[in-house]
Each structure stands twice: as C-alpha cells, then as structure tokens.
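Under my numbering, the first residue of the sequence shown carries the number 1, and numbering increases by one thereafter.
Treat the hints as calculated values from the structure; they're not laboratory data.
Mixed in with the good hints there might be a few duds.
To be verified - Here are the simulated lysine to aspartate or glutamate pairs, EDC-like style, with alpha carbons at most 20 angstroms apart:
id : residue 1 : residue 2
1  : K74       : D48
2  : K16       : D48
3  : K67       : D33
4  : K54       : D83
Computed from a prediction, not measured in an experiment: that's the story for all the values here.
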Amino acid sequence: MKNTTEDLNSEVVPTKLPRHIEVSKNGINNVGDFSRLMTAIMLDVLDDVTHPAKANAACNAARQQLKSIEMAHKYGTVKTPGDKPQLSLR
1 MKNTTEDLNS EVVPTKLPRH IEVSKNGINN VGDFSRLMTA IMLDVLDDVT HPAKANAACN
61 AARQQLKSIE MAHKYGTVKT PGDKPQLSLR
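Please take these sequences and the hints and turn them into a complete structure.
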C-alpha cells in the first residue's frame, strides 16, 4: 500500500494526512468546497490512504446533507411574497 505502514496486526496506518482532512478543515460552505471534499475522498481511497468503508460512510453522510439542502430549497419558508425562501430546516 502506498504511503502506509503495516503494524503487527496488519492494520493500515497512514504515514501522511489524508487530503480530505486538509480540505475539510475550514468547513464545507459551498458547492465548490463539497466538490473538493468528495474528490479528495476519492483520491485518498485510490491512493490507499483512506479505507473504503470510511469513504462509504462519508459519502452516505454527504448524500443525507444534500437531501436536506434539497428539502430546504423545496420547502423553505418565504416571509414576504417575492422574497427568496429562507433555507433553514429549523
């Protein structure tokens, strides 16, 4: 495996910080940040820096976040007719 060492129990131990950690440090605030994060996760899996099960969990969480954004756009409240909907699920 690239950029990893193996201990006695054959567990993969990364020797460098995964790309997606660096990308996510400042948060995911827009579609560009989200795209960079998902790309970094894919590259980390391909480079054997991140386990595919962790990437799968991250992708499932991202899918749920996108669904909540979709719901906010679809069901967001409008305080004054003609205004943009308030994109909050509170």
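Here's how the hints hold up against the structure:
1. K74 x D48: Judged against 20 angstroms, a Cα distance of about 39 angstroms means the pair is violated.
2. K16 x D48: holds, 11 angstroms
3. K67 x D33: holds, 17 angstroms
4. K54 x D83: violated, 40 angstroms
Of the numbered hints given earlier, the model fails hints 1, 4; all others are met.
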